[in-house]
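We have chain A; now place chain B onto it with these hints.
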Amino acid sequence: FPAFSLCAGAGQDVGRSCILVSIAGKNVMLDCGMHMGYNDDRRFPDFSYITQNGRLTDFLDCVIISHFHLDHCGALPYFSEMVGYDGPIYMTHPTKAICPILLEDYRKITVDKKGETNFFTSQMIKDCMKKVVAVHLHQTVQVDEELEIKAYYAGHVLGAAMFQIKVGCESVVYTGDYNMTPDRHLGAAWIDKCRPDLLISESTYATTIRDSKRCRERDFLKKVHETVERGGKVLIPVFALGRAQELCILLETFWERMNLKAPIYFSTGLTEKANHYYKLFITWTNQKIRKTFVQRNMFEFKHIKAFDRAFADNPGPMVVFATPGMLHAGQSLQIFRKWAGNEKNMVIMPGYCVQGTVGHKILSGQRKLEMEGRQILEVKMQVEYMSFSAHADAKGIMQLIRQAEPRNVLLVHGEAKKMEFLKQKIEQEFHVSCYMPANGETTTIFTNPSIPVDISLGLLKREAAIGPVPDAKKPKLMHGTLLMKDNSFRLVSPEQALKELGLAEHQLRFTCRVHIQDPRKEHETVLRVYNHLKGVLKDYSVQHLPDGSITVESILIQATAHSEDQGTKVLLVSWTYQDEELGSYLTSLLKKGLPQSTS
Amino acid sequence: MAAHLKKRVYEEFTKVVQQQHEDLSTKKLRLTKPSKSAALHVDLCKATSPADALQYLLQFARKPVEVESVEGVVRILLEHYYKENDASVRLKIASLLGLLSKTAGFSPDCIMDDAINTLQNEKSHQVLAQLLDTLLVIGTKLPENPSVRMRLVEVACKHLTDSSHGVRNKCLQLIGCLGPVEKGVAKEAESQAAKDVQKIIGDHFNDQDPRVRTAAIKAMLQLHERGLKLQQAIYNQACKLLADDYEQVRSAAVQLIWVLSQLYPESIVPIPSSNEEIRLVDDAFGKICHMVSDGSWVVRVQAAKLLGSMQQVSSHFLEQTLDKKLMSDLRRKRTAHERAKELYSSGEFSSGRKWGDDAPKEEIDTGAVNLIESGACGAFVHGLEDEMYEVRIAAVEALCMLAQSSPSFAEKCLDFLVDMFNDEIEEVRLQSIHTMRKISHNITLREDQLDTVLAVLEDSSRDIREALHELLCCTNVSTKEGIHLALVELLKNLTKYPTDRESIWKCLKFLGSRHPTLVLPLVPELLSTHPFFDTPEPDMDDPAYIAVLVLIFNAAKSCPTMPALFSDHTFRHYAYLRDSLSHLVPPLRLPGRKLVSSPVSPSITPHEDPSQQFLHQSLERVYNLQHLDPQGIQELLEFTIRDLQRLGELQSELAGMADFTATYLQCQLLLIKALQEKLWNVAAPLYLKQNALASAAAKQILEETYKMEFMYSGVESRQVVIIHHMRLQAKALQLIVTARTTRGTEPLFGMCEKFLQEVDSFQRCFISELPHMQGSFVDKLLDLMPRLVTSKPSEVVKILQTTLRQSTFLHLPLPEQLHRATANIIEPTGESDNPLRFTSGLVVALDVDATLEHVQDPQGTVKVQVLYPDGQAQLIHPKPADFRNPGPGRHRLITQVYLSHTAWTEPCQIEVRLLLAYNSNRSKASARIPKSTWNESLEALPPSENGIEGTIPFSKPVKVYIMPKPARR
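These protein sequences, in sequence, are chains A and B.
The opening residue of the first sequence carries number 1 in UniProt numbering; numbering runs sequentially from there.
The opening residue of the second sequence carries number 1 in UniProt numbering; numbering runs sequentially from there.
Think about it this way: if two alpha-carbon atoms lie no more than 20 Å apart in a straight line, the pair counts; the simulated PhoX-like pairs of lysine-lysine are:
| id | chain 1 | residue 1 | chain 2 | residue 2 |
| --- | --- | --- | --- | --- |
| 1 | B | K199 | B | K229 |
| 2 | A | K222 | B | K496 |
| 3 | A | K261 | B | K496 |
| 4 | A | K222 | B | K492 |
| 5 | A | K461 | B | K123 |
| 6 | B | K412 | A | K213 |
| 7 | B | K798 | B | K731 |
| 8 | A | K193 | B | K240 |
| 9 | B | K492 | A | K223 |
| 10 | B | K731 | B | K699 |
To give an idea of the chain A side of the interface with chain B (calculated C-beta under 8 Å), a few residues:
| id | residue |
| --- | --- |
| 11 | R184 |
| 12 | S212 |
| 13 | K213 |
| 14 | C215 |
| 15 | E217 |
| 16 | T253 |
| 17 | N259 |
| 18 | Q399 |
Read the hints as simulated data drawn from the structure, not as lab findings.
Every residue, glycine too, gets a C-beta built ideally from N, C-alpha and C.
So that you can see chain A by itself, here it is in the shape it has in the complex (with noise of 0.2 Å):
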């Protein structure tokens, strides 16, 4: 019963997420992501990978998405509306809600910005999303009679889920992207131990160790505190959703603790939507907010209103969230060059900036850029990185294993370098095989799975009477006739399995001679074979018949003397089928002939 796991994308890669999995015949597509480095063919997972001729639906089962990010979720109309798909989609709640918005504004930036052609359009969200099937955490959705998913907490951005897939006593975890140290706004992914035969792990952070979180916010918290109080401004370019919700409740509940007045501001557009949704799926977000909601919501934010380009003019200090966060383009790079001139400001990077982009720039040191038209742009500004990222570190991923103890791992979305180093650790600390497959390559799995067998309880109860009691920890003996039928096992008792099969009943007859070297009469070594096997056999009945035959249990022994040899006496043990232990054991005794004491 082999488990094929198989990686259209997102192997060992970052980007692109894309896992077939075959488990017990049923084919599961986990994750249906794009890579945001190409523009052409290549952002989106090659589908054909799947199957080569034949419909999608027909092949695949259903489809799991686990988060609203587009490297998780991107390629979703393209693989329903144009590939052409029309099973279920399962993703959470708050990914249900989420997905189309991020999905929109993706397809507008493409399609209206950079004028592309031959791109999903705004009805196939729609279409799409119509499709979708929304789960509940620990909610156990039935696929089909056999295939069976459930969603559990992953910390990670609102909505994110690690969904477990089950096919009989077989099992997959697949985790998406996950965060197992709490943040501001949510909570850590949370596992039973469900001991999966398979986890497939993300692994981005797989030779990382991050330092406490607490660090790093109050690092941010000071430096933005003293900004302010000198009198600057503080920029911060965020991406709309995930971390940008974090640093606003960071700043939000700094600032009612301090009593601080100074304004802050989020540019508007996407981030009023999302925060919309971060409000209504408050049960998502951690601890502090869910118990603190009936009071105060801490999304409806009381010192951060929305920002107005007139505002980045404004006199006295502010605080500005602005997008996009790599500072490449759009109103956090307009407000960067209004306030690069001013020592007073600062800009704090809070996350990873890819090369080329403004961000890159002036995090690796330069004060001079060049921007279009050949001005040169003096930075005077204080530049201050912050990394706040939500996936586990490689701490964090040995947790996840250890709460959910898998027989197998499978390392996917890291790079192939990190990921070796992981997988090492792994094996040799938990002593489970570990995978780590490239894009498009197939992992077999096999697993030992245990097959449920019906028994009636007539029978039960019979076989566990005979014999000591029962101990539920050890395996235990029993007698039945196992019954292929129709699909299903059953054991059931012989006289039974007979009568269903309308078989007549044959008697199977175990017969052995054993030689014994005795000069005495035949009822003599009778006599002494008897008092032997009473003295051995003290459980058992063993009993002396008048016709010079003994019996032990229903197992008859008869002696006779040999044709050729008066001085051997030949003992004849005979023993049905179902005596079979006892009977083997008592030849095997009486080869070893009779003690020489009893004479």
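Only chain B this time, still in chain A's reference frame:
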């Protein structure tokens, strides 16, 4: 229909029994006792169906059964038990048996055999479990009977093989509670039961049912609690249980491991997969640390809590808990804490402006990195970052306890604690600040740490700020910059939150007296003096300036060179502050100003003994007054009271003691005065006026006795007796006065009976103290008791009068410590001239902030009273959460009082004061006031001069100016 009628009849029958009960007075209850078991018997026999029987039993269970009839009832129940076929009824009977054997005074050994017998034939698992529970109750009722216990344990062992988890659970519980503990008995038992209790329980650590496993561990812990030394062999078993699938098992296992680590800290255990060996306590510590990252938060809390109490663990293990080796792309990275430290020691000030500041340095050997350490690595780092605040709090508490015992660890955990000051939950922040305060004697704050600590001063929560002030009071600062920083931040805090004035001043007082040498170089700057020019004199009323002066003066106390730096006005300000804020400004020896410092204060401590002596001497003197003439007695008492009161004012440590004795003597004085009135010799109606005096005296004595009983903490039973005795005398006085003034004997009759009842209850309550009260009022009274009971009221009064006169004055033994409950309302200050305006009919919230000292159980006793000018009084019960406990014996009440009134024509003052509620029925030690819903009871009580019945005013009233405006239409 017939059946229905029949049922009705039975129902009515039982009702009758019940009513009999309610109507009968306590004395006559005895008569119904036999009928009670009989009634039950009748009920059960008549019950037609199991449901009926169950109903009867349920009704029966609601009523208490007297000790004498328990056995009879048990017999009936048992009899019915054997006849009953329905399992649910048997279950109820079994549970009733347990309940009945709990009856106080009943010895259940007589029913034990029957109870064990019932086990024999029982088939239902639930009933079996219940029966075992009953046996457990019986066993715990018979602690001095090892043979019975042995038998019960044997019974339990027999049922351990039962297939139901409930039964096995109960068996284990029973063994845990009753299993033999002493070694001798255990050996003896081995011959009988041939089994070792620990082994039996240990075998069930591997049971298939998690509930049974938990019960087994709990039973083991129970044995430990009862004093059995657990065997070390269990340790390995317990370690295996840490990996159990069920959280309750893991949670219990963590406890068991902890217990074992405390029992065998020094024994050596091998590390699996290597040849090394470590101490057991270290191994256990590592294992429990591991559980701090468990999947279930219940286990995490448990583990984090227990870590705190493992103080024998070796230091390198301990320090590992704070270590989490950081790496980035397989290269070693320094933590932010390490970077901050380095930055500090290198003297550089630029913080990481560059991106690569935290760039990882050296390469890490991939083989050496252990991602999931078996050791204690980073346990606290994880615990403090946990998702659930319960875990974080537990971790902070554990840190606190460990740091208190290990200075080096305290130094290390500082960074982490400081980080916790920024937690999102206020409770956690508060807890970590308190923790820091507790370990502050072990640590010195670095400047960068101080910076972070001080940043919290801007917190909008008052509790946090005040906790931080307390922390700063006892912090060691290393540099003068640190002191300066702290001062600047505190002043900033002062401007932002002016209400923190007192607390900030106090904080600076300690800061100054702890770091005189660090303050010295700062003085010119702080006072802005100049070597050549005179600088303008600062405003004396500026709180910030006062704050600076408090810091300097306190530092100057132990730094004699400092006053030389002061300018003239500083000396003048000193004199002023020394008078106005004497608790904050210490006496200084100033050059040429010797007179300023009062001669008494510097030597407060050595004087302590003489003043205590004085107290005792004056008391001795009073006790001899028996032989003086009446006039002399009065004078002596008056003088002594005056002396004591003055002593209390001078010596704050003895204030409680002095006040207490003064009050007592005052009572005595009043009593003597009242008895010497001439009215006793003359016909009553003529002396109405004097009469009023006597009754007033009686009333006042009563009040004072309540004060003595309930306002002082540390009052022991010896004092309580005396106080009650005084009260009894006052009541007698009252009775006599009433007897004199009222005509007719009808009302007197009731009063006499009541008084006699009180004497009776006095005797019952303080029977053990009576021998000490030779010749006292009550002693004599009890001698005369038989006569009193039979005689007429007028005679009773006469007897009382003579006894009262003849009785001797009782000595008041003084307890070790006695403190008077005091309250001080800080807010409202009562100084405001601006009335609080609000629309009539609506409410306005008045912030009340008060400090309470030496109040026991303030949540239950402290009330706020608001008196309106029209005489209306309102009593408010503050919420329990409004009380903070900043230190032992001190409480802080911060609450809001809602005021409302109909419209007034002009603003007027209301009075706010705090009351101490008491319940005269309760004895000092035991019960508290029955809980009434807080803040809800707006009782309009009649105004009285000295507070309300059942309450003692114990704070000065504060006047608040309010103005309810008529609502605009």
